[in-house]
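S.K.: As a plain string of letters, each chain reads:
2 protein chains.
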Amino acid sequence: MWTNSEDKSLRERAEAVIPGGMYGHQSVRLLPDDYPQFFERASGAYLWDADGNKYIDYMCGYGPNLFGYGHEGIDAAYIAQLKKGDTMTGPSGLMVELAEQMTSMVSHADWAMFCKNGTDATTMALMIARNFTRKKTIVLAKGAYHGAAPWCTPLKNGTTPNDRANQIFYTYNDVESLEAAVKEAGDDLAAIFAAPIKHDTFIDQEDPTPEYARRARELCDEAGALLVVDDVRAGFRLARDSSWSRVGVKPDLSSWGKAIANGHPISALLGAEKARNAGATIYATGSYWFSAAPMAAAIETMKLIRETDYLERTQALGQRLRKGLDEAANRNGFALRQTGPAELPLIMFNDDPGLSKGYAWNQALMKRGVYFHPWHNMFICAAMTEADIDHTLDVADEAFRVVRDAGPLPPVEKLAILGILADDN
Amino acid sequence: MWTNSEDKSLRERAEAVIPGGMYGHQSVRLLPDDYPQFFERASGAYLWDADGNKYIDYMCGYGPNLFGYGHEGIDAAYIAQLKKGDTMTGPSGLMVELAEQMTSMVSHADWAMFCKNGTDATTMALMIARNFTRKKTIVLAKGAYHGAAPWCTPLKNGTTPNDRANQIFYTYNDVESLEAAVKEAGDDLAAIFAAPIKHDTFIDQEDPTPEYARRARELCDEAGALLVVDDVRAGFRLARDSSWSRVGVKPDLSSWGKAIANGHPISALLGAEKARNAGATIYATGSYWFSAAPMAAAIETMKLIRETDYLERTQALGQRLRKGLDEAANRNGFALRQTGPAELPLIMFNDDPGLSKGYAWNQALMKRGVYFHPWHNMFICAAMTEADIDHTLDVADEAFRVVRDAGPLPPVEKLAILGILADDN
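Sequence lines, in order, name chains A and B. Heads up, the first sequence is in the numbering used here, so the first residue is 651 and it goes up one at a time. Heads up, the second sequence is in the numbering used here, so the first residue is 651 and it goes up one at a time.
Possibly wrong hints are sitting among the right ones.
Claimed, not checked - The following label-pair restraints were derived from C-beta to C-beta distances:
| no. | chain 1 | residue 1 | chain 2 | residue 2 | range |
| --- | --- | --- | --- | --- | --- |
| 1 | B | Glu923 | A | Pro1060 | 56 to 66 Å |
| 2 | B | Asp854 | A | Thr958 | 52 to 62 Å |
| 3 | B | Ala1037 | A | Ser659 | 25 to 35 Å |
| 4 | A | Asp1001 | B | Glu923 | 41 to 51 Å |
| 5 | A | Gly702 | B | Ala726 | 19 to 29 Å |
| 6 | B | Glu834 | A | Gly723 | 50 to 60 Å |
| 7 | B | Gly1069 | A | Glu872 | 30 to 40 Å |
| 8 | B | Arg663 | A | Gly702 | 42 to 52 Å |
| 9 | A | Asp837 | B | Arg814 | 15 to 25 Å |
| 10 | B | Arg663 | A | Glu662 | 50 to 60 Å |
Hints are computed from structural coordinates only; laboratory data are not their basis. Virtual Cβ for every residue (Gly too), placed ideally from N, Cα, C.
Using the sequences provided together with the hints, build the complete structure.
M.R.: Below is the structure:
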């Protein structure tokens, strides 16, 4: 029996000491009602909320969980290094080893810098591109998420127009709009930023077309600018190399995070030889950037990436989920839009402009132990099994019946109030 | 016998895969020759470099090590939570508990937000002040370090003038210059930023005068702006409350990091009631900001802060060091400038404009197993003993003799080349 009294009690206490009760991407404010805000523990593919309800977790910590929560080998590497030395007065040799491994695995990369947040890595990319070119303008895809710093946060509160100066936007996969943006930059182009796939929230995902990716490369080369692929969210989930290795295009800089240490706190910026001096001459640092334990965990994660079939497994599990959900939807009179790579699923309903079907379905899944997200891409982790997927499909079938039986529903009010439905869907 | 062949070998490998061989505050590029770049392990007050040389470490990881490296109770709390759940799809209840504890310990604070870097916390302070006031200008002390983001990095490479727009500078502790800066901000003042003490690099430290701190408070109140104290480096090292509790002034916002989890990766922004809504309505987040294990470590650290005599201990050890060093310097014909609180020592030589005495002395200390820093404030940790201090004093005496015997030395070339000696000393 699903209950949430402990979650409610924690939310009341949080309301007193945390602004708005919770902030950032893990706030459940815009999720269906009753989504748990607080969690007690996690293991493999599963998550238990503060009330002890168990979920198969398709959010994977919003990306970090690639090999399973609490992975024994990765956590053992972390703990062993923690006992030797973690945050010291300088880095350990593991920093060199990790840089050697990542640059040997990612084909465009000749050097690495490590940091903590994905935003640290994208901000370093911005600074290095400007330092390299001595130019200012960056060209970015409209709606793409590159972090929460003043220059890139999706909410403008607390920022000034100066924070976003020298930015021109294009439409992902639209070569003409990319060309127009670069033309507008004139002789001031420092970089083109691209997500590895279009994985914006609230809308369908898109794989990059080879034409778009290649044109971005050409335009950078013509202008002497740097091409940046922001692989923080998708890195090593689509390939054992840069995600754009799938379209045969090498960026100059790529930002990484989330899955690179399976949840231990580390992010990275990888770069090509030509940007090395520009990387060496910006000032970038943080209190915990040189800590050794997350590097030990990342080295163990790199080994699993190289030596296991995690990629083929997560792809096959994603395909099994996608196919089964389509069948279950059809059986119940619905049609789904499942977009992007199957291992990074985004699942929306056709004919659901108010997102009410999606919300009702996700809520029914959640209350039955399957944690899905209605408008953010999800993640398949290598700890999931075919049995997990099949159980998910059974629960999804039940949830479709709940939505069908509910009949027509009004648009989701909390989204309508914010104008999200009107603007983006 | 001190050797550094392993360090040299790691540096050569690092040169190939890390821009400049190392970046950020833990690069030893500007330290005396032969300072080790890589470390193997750390325990209590001690550090072993990659070649196995042991040091009493007065840098404490540049601040995080407050209770001793590898503190048993703190690390046990971290590991126990890691085994339950760390980076999950949402926070654990520990986030609420930590926010409750920190807001009850820090007298100006009614709410808390947690993040990873010190820079995250200072950047949130900037955004919240602008969001609260709907104004743009921030007034900061010249030369103060508030992080490495484009708006505050000490090196301009890779930044644009827009990144630093709406900033006016004053001189720390100089009430007239503060008033002039605020006057220049006109009706656009969003915040005054202040370090808890003047702890800039390369120059003497200063405690804040009560007049300066009170005037900053008044000027903010008159303008409806927010007063921000950046306690990332000094927080909980000078007081069990905000560092400005020592001068009886309550900021509206304070940034914290480094020592709050004894080296585990977490930072925080604490705020007063009036800024709560402004905090709730900016977008601030990061992949690992909600991770539970560092919060478990921070809760254990808070307990030690409340329940042990660490503060009085580190103060007494700092005083013992200061007094003994002055005596040893005098015995050898030198005079030191030891500035700032004794538990955050900064030690410079009188009559040493080229820093050559300081460099020679620090290098001699380092080769004898005492890790000092010639131009950045150091840190006393609670794992140090009187015997450690007394041993340090013996070594310092030897090192003074080395400097004395060396006779006059030229200015430190690597600093002169960068213009640091000319500009800042």
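S.K.: All the hints need checking, so say for each whether the structure fits it.
M.R.: Right, here's what the structure says about each hint:
Take Glu923/B and Pro1060/A: their Cβ atoms lie about 36 Å apart, and the range 56 to 66 Å is violated. Checking the proposed 52 to 62 Å range against Asp854/B and Thr958/A shows it holds: the Cβ atoms sit about 56 Å from each other. Checked against the hint of 25 to 35 Å, the C-beta distance between Ala1037/B and Ser659/A comes to roughly 49 Å, which is inconsistent with it. A C-beta distance of roughly 46 Å is found between Asp1001/A and Glu923/B, which places it inside the suggested range of 41 to 51 Å.
Between Gly702/A and Ala726/B the C-beta distance comes to about 24 Å, which sits within the given range of 19 to 29 Å. Checked against the given bound of 50 to 60 Å, the beta carbons of Glu834/B and Gly723/A, roughly 58 Å apart, stay inside it. For Gly1069/B and Glu872/A, the hinted distance range of 30 to 40 Å is satisfied, since their beta carbons lie about 37 Å from each other. Restraint check, Arg663/B to Gly702/A: a C-beta distance of roughly 48 Å satisfies the suggested window 42 to 52 Å.
Range check, Asp837/A to Arg814/B: about 23 Å between beta-carbon atoms, so the 15 to 25 Å window is met. In this structure the hint that Arg663/B and Glu662/A lie 50 to 60 Å apart at CB holds, the actual value being about 53 Å.
This entry does not satisfy hints 1 and 3, going by the numbered hints stated previously.
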